[in-house]
Each structure stands twice: as structure tokens, then as C-alpha cells.
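Each residue of the sequence shown is one higher than the one before, starting from 5 at the first, in the working numbering.
Treat the hints as calculated values from the structure; they're not laboratory data.
All C-beta atoms in this analysis are idealised placements derived from N, C-alpha and C, irrespective of residue type, glycine included.
Just to be clear, a hint being listed does not mean it is correct.
Distance windows between CB atoms, simulated [what the hints assert, rightly or not]:
hint, residue 1, residue 2, range
1, T196, Y160, 40 to 50 Å
2, D75, Y202, 29 to 39 Å
3, R21, I293, 28 to 38 Å
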Amino acid sequence: MTSAAPPAGGTRWLDNRNVLGALFMLPAAVLLLAFLTYPLGLGVWLGFTDTKIGRPGEWVGFENYEFLWGDSVTRLALFNTLFYTLVASIFKFGLGLWLALLLNKHLPFKAFIRAIVLLPFIVPTALSAIAFWWIYDAQFSVISWVLTKAGLIDRYIDFLGDPWNARFSTIAANIWRGVPFVAICLLAGLQTISPSYYEAASLDGATPWQQFRYVTLPLLTPIIAVVMTFSVLFTFTDFQLIYVLTRGGPLNATHLMATLSFQRAIPGGSLGEGAALAVAMVPFLLAAILFSYFGLQRRRWQQGGGDA
């Protein structure tokens with residue numbers, strides 16, 4: 005039999021797996037470069053300039069960051085962002101884990117219930133914010149109406165007009181939107197745990213709490229780390245919900261770093277200052293990612309035991 009002819013010189017390099025893999029990744033790399041790397045690099049550059057809308061800026065070094073460090077509104081926005089992220093993430097984790105455990109049980113119409121649970125997450129954020137805007141309205145709030153009819157309050161609550169009420173109201177809206185994402189992801193993790201572990205634990209006399217503490221939680225921890233990292237990132241960079249609901253008011257009480265960056269850069273016209281605010285968010289986001297990354301390297305998280 006005659007052997008097959010060797011590939012032509014022009015196509016021989018296609019037999020190299022590394023070259024072929026690089027070619028397949030090239031379109032995605034071009035998209036990332038165009039829509040992620042370039043805007044990020046431009047934002048970093050603008051943060052070191054005094055660029056205004058309609059006027060090219062000049063290099064000013066760290067002047068924008070020095071100004072923001074001493075700016076009381078920026079410090080308030082940083083506090084709001086950290087408070088908003090911390091409180092919302094804690095509640096989303098607790099409620100999401102509880103909901104995942106509940107949906108993992110044998111329930112009637114389980115598929116339908118799971119679809120309903122996911123609705124708050126898939127509804128567009130702007131529509132959710134408008135709905136909450138009506139729910140929190142100072143004159144037509146359904147919450148205030150119910151509490152008034154029940155005799156628990158004697159006047160309507162000013163949800164979005166009082167600084168602390170506004171903070172907790174926006175956090176509640178974010179929790180409502182974020183819990184389904186956490187719950188569905190954790191539910192997927194729960195279903196990867198073999199029932200044999202629970203059978204063995206039951207034979208050893210473990211209570212339901214002990215099964216959760218020593219079986220479910222250790223095996224679910226890697227999923228929790230990944231899911232909560234995404235949840236923290238989404239919450240820390242939240243923009244749409246806050247901007248539609250309060251636009252940072254009242255008295256800048258709900259301004260997050262993302263909304264303040266937009267306000268300074270676009271309506272305010274100070275592109276350099278807004279870019280510096282956006283870049284200042286990066287260290288916090290990297291810290292959350294690195295915390296999850298190094299945590300996942302611990303073998304006890306992956307194996308449910310101690311470090312090797």
C-alpha cells in the first residue's frame with residue numbers, strides 16, 4: 005500500500021496543536037483586547053490627566069488621586085460601597101444557601117419552583133429598580149400602606165428620602181435580585197454531592213446539623229468561594245440599580261464608587277477625575293479575587309479535610 009502524501013509545506017503548521025489552539029483563541033483575544041484591555045488602559049491613562057469633555061487633558065500625575073483622597077464625597081462613596089457590599093453579600097449568602105438547601109429537597113412542582121426563584125435575577129435590572137421605586141414611593145408605597153392598615157405605623161415611611169432608610173432600601177433591592185443567582189449556583193453544587201456520604205453519616209449516627217456541618221459545608225466550600233467572589237464583584241460594581249433608584253441621593257447617601265465615577269465623568273465633565281475613581285476600585289476587586297484564589301488552593305477546601 006502506498007503511504008499518504010505528507011501535508012503541503014503551507015499547511016504543515018496546522019498539525020501543531022499549540023498553533024491550532026492559538027488560532028482558535030485568536031478571535032476571543034481580539035475581542036478582549038478591543039473591548040476590555042483598551043478601555044481599561046485608556047481609563048488608567050485618563051486617571052493621570054485633567055481631561056475634560058471636549059478638551060484634551062494634560063498629564064497631572066497623581067493629582068486626581070490626591071484630590072479624591074481628601075474629598076469627603078469620595079470617602080462617603082467608599083464607605084457606602086463597602087457597607088453595601090458587605091451587608092448585601094452576607095444576606096445573599098445566608099438566604100441563597102437556605103434556599104438552595106430547600107430546593108434540593110423532594111418538593112412537588114420542583115422544576116416550576118426553581119424557574120420562579122430565578123425570575124428576579126433574569127428580569128432586567130432597570131425594570132427591577134423601577135418596580136422598587138414604586139414600592140418605596142413616599143406617597144404610594146405598598147409596604148407603608150400595609151403597615152398602616154395593620155396599625156403598626158401611623159404615617160408612611162420615607163424609604164428613599166432618609167439617608168439610612170435609602171441605604172437599607174437599596175441593599176434590600178440588591179438582595180432580592182442577587183439571592184437567586186447564589187441559590188441556583190449552590191443548588192448545582194449540592195447536586196454534585198453523592199448521597200452515599202449522607203447514608204454513611206446517618207449510619208454513624210450523625211444528626212442533620214452534623215451532616216450539614218461535616219459533609220455538606222466542606223464539600224460545598226469551593227463552590228461557595230467562587231459564587232461569593234462573583235457576588236461580591238457584582239455588588240461592589242453595582243451601577244444600574246442605584247442609578248435608577250436613587251441616583252446617589254439623598255445627600256450622596258447611596259452613591260457608590262461606580263455611580264460617583266459616572267457622575268463626575270459624564271454629567272460633571274471631569275473625565276480624568278471619573279476615570280481615577282473607577283481605577284481606584286480595581287485594588288478592592290483584585291483583593292476579592294485573590295482571596296478566593298488563594299483560598300481555593302487550600303486542599304482542605306477541596307477535600308473536606310486538613311491541609312496536606
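Evaluation of the provided hints:
1. T196 x Y160: 40 to 50 Å: For T196 and Y160 the Cβ distance comes to about 47 Å; the hint holds.
2. D75 x Y202: 29 to 39 Å: This hint is violated: roughly 54 Å between Cβ atoms.
3. R21 x I293: 28 to 38 Å: holds, 30 Å
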